[in-house]
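Asker: Residue strings, one per chain:
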Amino acid sequence: MADISTDFLGIKSPNPFWLASAPPTDKKINVVRAFEAGWGGVVWKTLGSQVKNVSSRYSSVNYGGKRMMGFNNIELISDRPLEINLREITEVVKMFPDRAMIVSLMADNDRKSWHELIMKAEDAGAMGFELNFGCPHGMTERGMGAAVGQDPEIAKMVVEWVMEKATIPVITKLTPNVHSVVPTGRGAVEAGTNALSLINTIQSVTGVDLDTLVPNPYVAGKSVFGGYCGPAVKPIALKMLTTIAQDPVTNRVPISGIGGVSTWKDAVEFMLLGATSVQVCTAAMNHGFRIVEDMCEGLNNWMDEKGYQKTTDFIGKSVEKITHWEDLDINYHHIANIDQSKCIHCGLCYIACEDTSHQAINVDRGQPYNNYTVKDEECVGCNLCKLVCPVEDCITMEEHRVAPEYVNWKDWQREGRPLNDH
Amino acid sequence: MTIKKPTKNMSIKNNRLTTAEYQENFADIHPPFETSDAALVEANRCLFCYDPPCMKSCPTSINVPKFIKQIATENLKGSAHTIFSSNIMGAGCSKVCPVEKLCEGACVYNLMHEEPINIARLQRYSTEKAMDNNWQLFDRKPSKGKRVAIVGAGPAGLSCAHTLSREGIDVTIYEKEAKGGGLMTYGIAAYKVTPEFCEDEVNYITSIGGIEIKYNHELGKDITIEQLQKDYDAVYLAFGVGMARQLDIPGEHLFGVTDAIKFIYDLRDNDHSTIAVGDKVAVIGMGMTAIDAATQAKRLGASEVHLVYRRTQAEMPCTEKELNIAKLDGCNIIWLAAPKEIIGNGGNVTQLVCDVMKLGEPDGSGRRSPIASGETFTLDVDMVIKAAGQMPFSDLVNEESLENNNGKVAVQGKSKTSLNNVFAGGDCVNGGREVVDAVQAGKDGAAAILKQIVSPDYIIESELKPTFNN
Chain R
586 MADISTDFLG
596 IKSPNPFWLA
606 SAPPTDKKIN
616 VVRAFEAGWG
626 GVVWKTLGSQ
636 VKNVSSRYSS
646 VNYGGKRMMG
656 FNNIELISDR
666 PLEINLREIT
676 EVVKMFPDRA
686 MIVSLMADND
696 RKSWHELIMK
706 AEDAGAMGFE
716 LNFGCPHGMT
726 ERGMGAAVGQ
736 DPEIAKMVVE
746 WVMEKATIPV
756 ITKLTPNVHS
766 VVPTGRGAVE
776 AGTNALSLIN
786 TIQSVTGVDL
796 DTLVPNPYVA
806 GKSVFGGYCG
816 PAVKPIALKM
826 LTTIAQDPVT
836 NRVPISGIGG
846 VSTWKDAVEF
856 MLLGATSVQV
866 CTAAMNHGFR
876 IVEDMCEGLN
886 NWMDEKGYQK
896 TTDFIGKSVE
906 KITHWEDLDI
916 NYHHIANIDQ
926 SKCIHCGLCY
936 IACEDTSHQA
946 INVDRGQPYN
956 NYTVKDEECV
966 GCNLCKLVCP
976 VEDCITMEEH
986 RVAPEYVNWK
996 DWQREGRPLN
1006 DH
Chain E
8 MTIKKPTKNM
18 SIKNNRLTTA
28 EYQENFADIH
38 PPFETSDAAL
48 VEANRCLFCY
58 DPPCMKSCPT
68 SINVPKFIKQ
78 IATENLKGSA
88 HTIFSSNIMG
98 AGCSKVCPVE
108 KLCEGACVYN
118 LMHEEPINIA
128 RLQRYSTEKA
138 MDNNWQLFDR
148 KPSKGKRVAI
158 VGAGPAGLSC
168 AHTLSREGID
178 VTIYEKEAKG
188 GGLMTYGIAA
198 YKVTPEFCED
208 EVNYITSIGG
218 IEIKYNHELG
228 KDITIEQLQK
238 DYDAVYLAFG
248 VGMARQLDIP
258 GEHLFGVTDA
268 IKFIYDLRDN
278 DHSTIAVGDK
288 VAVIGMGMTA
298 IDAATQAKRL
308 GASEVHLVYR
318 RTQAEMPCTE
328 KELNIAKLDG
338 CNIIWLAAPK
348 EIIGNGGNVT
358 QLVCDVMKLG
368 EPDGSGRRSP
378 IASGETFTLD
388 VDMVIKAAGQ
398 MPFSDLVNEE
408 SLENNNGKVA
418 VQGKSKTSLN
428 NVFAGGDCVN
438 GGREVVDAVQ
448 AGKDGAAAIL
458 KQIVSPDYII
468 ESELKPTFNN
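Taken in order, these protein sequences are the chains called R and E.
By the working numbering, the letter at position 20 of the first sequence is numbered 605, and the numbering carries on one by one without gaps.
By the working numbering, the letter at position 259 of the second sequence is numbered 266, and the numbering carries on one by one without gaps.
Keep in mind the hints are simulated off the structure, nothing from the lab.
Where hints are given, some of them may not hold.
No more than 30 Å apart at the CA atoms, straight line, and that leaves these computed lysine-lysine pairs for DSSO-like [what the hints assert, rightly or not]: (1) K679/R to K895/R; (2) K84/E to K651/R; (3) K73/E to K927/R; (4) K423/E to K228/E; (5) K186/E to K136/E; (6) K971/R to K63/E; (7) K971/R to K76/E; (8) K73/E to K960/R; (9) K927/R to K328/E.
Distance windows between CB atoms, simulated [what the hints assert, rightly or not]: (10) H120/E to V948/R: 35 to 41 Å; (11) N331/E to D898/R: 53 to 59 Å; (12) G650/R to T385/E: 39 to 45 Å; (13) G792/R to N331/E: 40 to 46 Å; (14) N331/E to N647/R: 35 to 41 Å; (15) M250/E to L795/R: 51 to 57 Å; (16) D940/R to V48/E: 56 to 62 Å; (17) V48/E to P989/R: 49 to 55 Å; (18) D940/R to E468/E: 46 to 52 Å; (19) G792/R to K269/E: 39 to 45 Å.
Fair warning: this is a prediction, and the values are worked out from it, not measured in the lab.
Built from N, CA and C at the ideal position, the CB exists for glycine as well.
So here's chain E without its partners, still in its complex pose (with noise of 0.2 Å):
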């Protein structure tokens, strides 16, 4: 018995546009304001509400009305520090931020059934200045002696370091990629952030000093969580999470079956023009993985990109803008439809079946859970990337000894780990969330990191409430 040899899938290929189509599918999708007038007649809509519901839907409570309210005074400096107080990441977050379920959704103009402040544009016009001229907005804080050593240089792992750096700490961070910046450069679509932006973000958050990355070590391969407990006072653990959750069906080791975070990762690092991508995609997911992965697919030139999601649009993870953004694409929703088998032909993905659902009852995510109905259809389609969620690194938390949730890494309070001195906090402990979340993750481990090794009554600025709310 001889095993065929897949021959190479002649439908999976690059260089389906031209230079310039690239350069067009690829461009800012949110353009900022090209002019200082522009910024300050959306500054001036800003009602500056008292106790803001945009700052309290916020994950890190960024000042929002404050820095608005900044922007309108020309205090663009101001600003900027009243934005990288709360958030260190604010330029990258103001490109990738869910915000119309966040700060702009909440915005009481919606109540008003007008548009939202362009939190967003104005958060990126402020922070882009920022960056652009390299304003030093913080001083640190005098040494205090004390060595921090971090797991990842993604934005969890950025937010605890500099909020570290800021309190007199000395950080080295230890980043398994050649850059930084996390999943911010490697796994978020190409036309919101650009390669350039995210380095020049990690080169802006490092420039206040005290912290060092060292890029190319890997925890478990060139680092033992063991090792940086002697050599450090702590330990922050931000490694984030893996690559996408496999679908267990038949099928699945054909050739044009791929991982979104794979297939993202590729598309930052590589020339959009050598990215390979079927005629006839079908993306399993609904999250923000899933809509930049299947959005990019049609970008790089599929001719049909299906979006299969098992439960219905009132469930789905991702925002109704990103779904938006699907739809202008051009890709084909599918819902209440779940992989059943795919199907192949000399090794190549060929066909993908799907369970046609159902809606049954809530399910531990408070969300109604989908049943098979017992219908099936099939898409003809050439290749399936996989976005149904990520794997925490379930192997590399046990190989550590961390106590963990099925994988992803156990805290008490908001970051101590079963470990003396170590510290997590981010997609490693929350199994993967947004840009956001990680940061205010990071701050939250700084504060830990600080009671323990400083003192247990060290306060830092942003465990502080606001007096703009009393």
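Chain R with its partners taken away, still in its complex shape (with noise of 0.2 Å):
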């Protein structure tokens, strides 16, 4: 059995995956019960100046059948008392020292105001910060959440004054809703924070009801732009880790990674590209704390099969995988293969091919099936059919390598070789 538990700046877990600072953490009894399931931490919703919450505060994506594809909220942080939240902290921090608690922060916009919220949640009995920059909606009007993230210089200031008080580790937690979230990244870096997460959520409309032509969600006759997340958001969430755990300044403190976890494989993925601990929320939203059995024992599983006795063996590991455009080997090429004796004949990498790439699947007409096959010399390898491809493994992409040799595609400008002929 592999070893998944988790030190995070010291923060110890049982395993990796911890709960995001969103509605399951915001009460005893939702953490305590996490905790029972088996989750490795939390990070305690966040704590700030007082709020007063909307209703209805949740819309989704639901797509091909599948309900909350994409999931939105417009909630704030908590509106519980400050008081009763730092309260149960304490309690259930008492019931379970082995798990990682985590609390999320969001003072007013001034030193004082952090440095008090500081002292009250480390008397609480919290093992780490998480400073929330990056909250998109209702906080931000007030030059609070992803108002701090958006600018790195205030975001430097903030974790400046964070500083200067905290004695626990600090997480600094990122908005994806910037062009890059490298400058703020940096920002809290070179201002001490301790390490970084990412991505908050991201600035959405999920749809619009065709008969009240009311935006989700409904407000009294009125809908806001509400924080995007699950599933839908994961591939922007693993681009911009990626770009932290590139960047040479940022990739100095361990990063914990969030957006559209669901799974043990999604968990993998993130650690993969740079992640020391997950956050999960809106799987757990869709389905409870019980999903939580799987990851632990899927994680556990992938780790023996490979080899990895604890989680350190693999993390970052697809980092330097993800290289620029201009270092790609050109001479790399592949072309589909359609296996005859698993294809189904639905035909939808032809029309595919045949409508929306490069025509080269060639179509031999049936009674009631068709067969498929595939223009060696048309294909350009770009994966389309395989992807439509109902069946698994019917269609792989087989290597026809155009030379030995590596070349790039500034050696090849550089050369003078040849264009594209078609």
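Could you fit the two chains together into a complex? Lean on the hints.
Answerer: If you want it as structure tokens, here you go:
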């Protein structure tokens, strides 16, 4: 059995799966249930100045019959009195001393407020802080949340205030609602943050009700931009995570990865791209805390299969595999092959290639089944046919190098080699 | 010498069951999707194949992936329009089509060893919504000032009428029965379609306007082709086929020998409790009609039902699904058996003697022909239902001077008969096939009529190759 326990700046958890700062971590009753279910840690829902929430708060994007492929919310930070939150944090830490208890903070935008909040949370028993510089709605209008995260200078200043006071590890959470997460990440690292986490939610409109013409979620005939999350945002999160893991300044600190993590596979991907722990919210809100069981077992089995003893054996291993386009090997070429014994003759590969790609699939009409074969000389190896094929391993991409040696675009251009002739 | 009058066969009787039992036995065998979510789950399973095998396996070429996708996008009107554009009896066909050998049988999921898409049920979901809400999905083109007479308000006649009406032709249908729908109304098991549904379907089809149905008008009695030729620009014959084929064996006249078509007809037109059925029944044949007769005999309360077929399962005309309905209903299947003689007592059927058959060389249908082996066996039965194919209306066809093949109206191309401006299609031409085949025949007939009476290059929508397949 592999060891899936996690040490994040000295904060230990039995597994790398934390619940993100969100509704599931707003109250003792939720967090106790989460820990009983087996979650490694929580980031307690953001503490700060008093707010008032509205109804409704969530909406989602369904796709192809699957619900909550994307999810958004317009909920603010915790709307419970600070004292109750602090008391419950103390109680939960006592009940579950082996779990990570990170507390998310978003104080009013002045040094004194931050210092007071930090002292109170440390006294309550927090093991670490996560600074909420990401909340994209409600708080930004008051100069908090994403308003801080979107301006590297302000972020840096606030992190400096925090570092003056905090005696426990500080994680700065980054907003994705920027051109690049790196400048704010650098500012936070330069100001002394001990770690980074990303991404917070993405500003979004999930849809419009075609009867009322009011976008979602509905609040008395109006709506606002909400924070988007769930499986749909995972690819964006992974990209942003990679930029932080690759940057020579931001990669000096550990990262907690967030954004659409729903399964152990998602978690491994985040970890391969540099995350030491991962945070989950939408998947738990969709299915309950019980999903952590398979996350732990799946991670364990995968690590055993691959021969990894501990998570640090593989964290970050894929970071260097994302390179610049001009460094890709132009002599690499692969061609689709359709396994006729597996083909079910649905024609999806054909129509996708014919209508939208390179007309590289041949159709041989039959009654009722057509046969489809690849025109090797026309195939550019784009993967589209393989992606649309409903049968596992029916279409495979087979390597046919143009030439044995590695050559990239820069060399190609310098040597004046020919461009595509079609 | 006195001829002994048959005494009433006491074992053939009605009221065998309670009202609740009749209701249960004749309830809809294909329950619809109860909720839109259930339909959406199934619709979303559809892979949306290109040049789809399901569509190519439908005689009316319904664009199946398109209508399913339209259910998935909650464009139900569009979905119903897609179905009805190809098959105006799409609602009925969703209940009676042998889909396992047509669209669903061709579904690519079969090749993955997965359950095929439940196309019929999705089609029913869409078309029922259209009928329940009386969605008017078609506009008639401006009148072309032409009139067409159609004989028979069955699937072929209604399909032809609707297609013509859409193109701006006024249609009069002459129907010998008191209701429309043809075999859909009179010849199919009650647990597949109810009489109410059939009536609703006819009303829905004719609600486009421009179609008048004159009921209780029989060709050869109340009307003649000659008169119709005079009164209309064209005539379309879609009068179907008649009673079951004779067995031509001794004892066929005995009380208790009946015709499957009549048996089913009576079931469709009367309260089930009034239909008399034997205690031990033999049904001759293994087509859909034989299955419908056997299962309904069982469902009316017969204690034993034997399906007697002269070939084997490999040659049977019904689908395996139909056969399984009969088996689940407790019918006994006897392969390689041909009726040789019906024995009676007091004028009533008491036994059926059968030849044991073996398979010889392939016959004209390509199926191995059954040959008597010389052995026989005897079944104790009190009722014999004949369901070994239906006979064309040979006398009528000959009286009306139509060129024919053993009573089946002969056509040039798809529907042109030997008579001037007279076209034909459906069972009266092909001898008896599925409802969906008749619907296509009606469309073909309408296309031929439009070419004849409007313009030789007149093209209707359904003749165009769907762009989907380019």
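Asker: Of the numbered hints stated previously, which ones are contradicted by the structure, given in increasing order?
Answerer: 10, 12, 16, 18, 19
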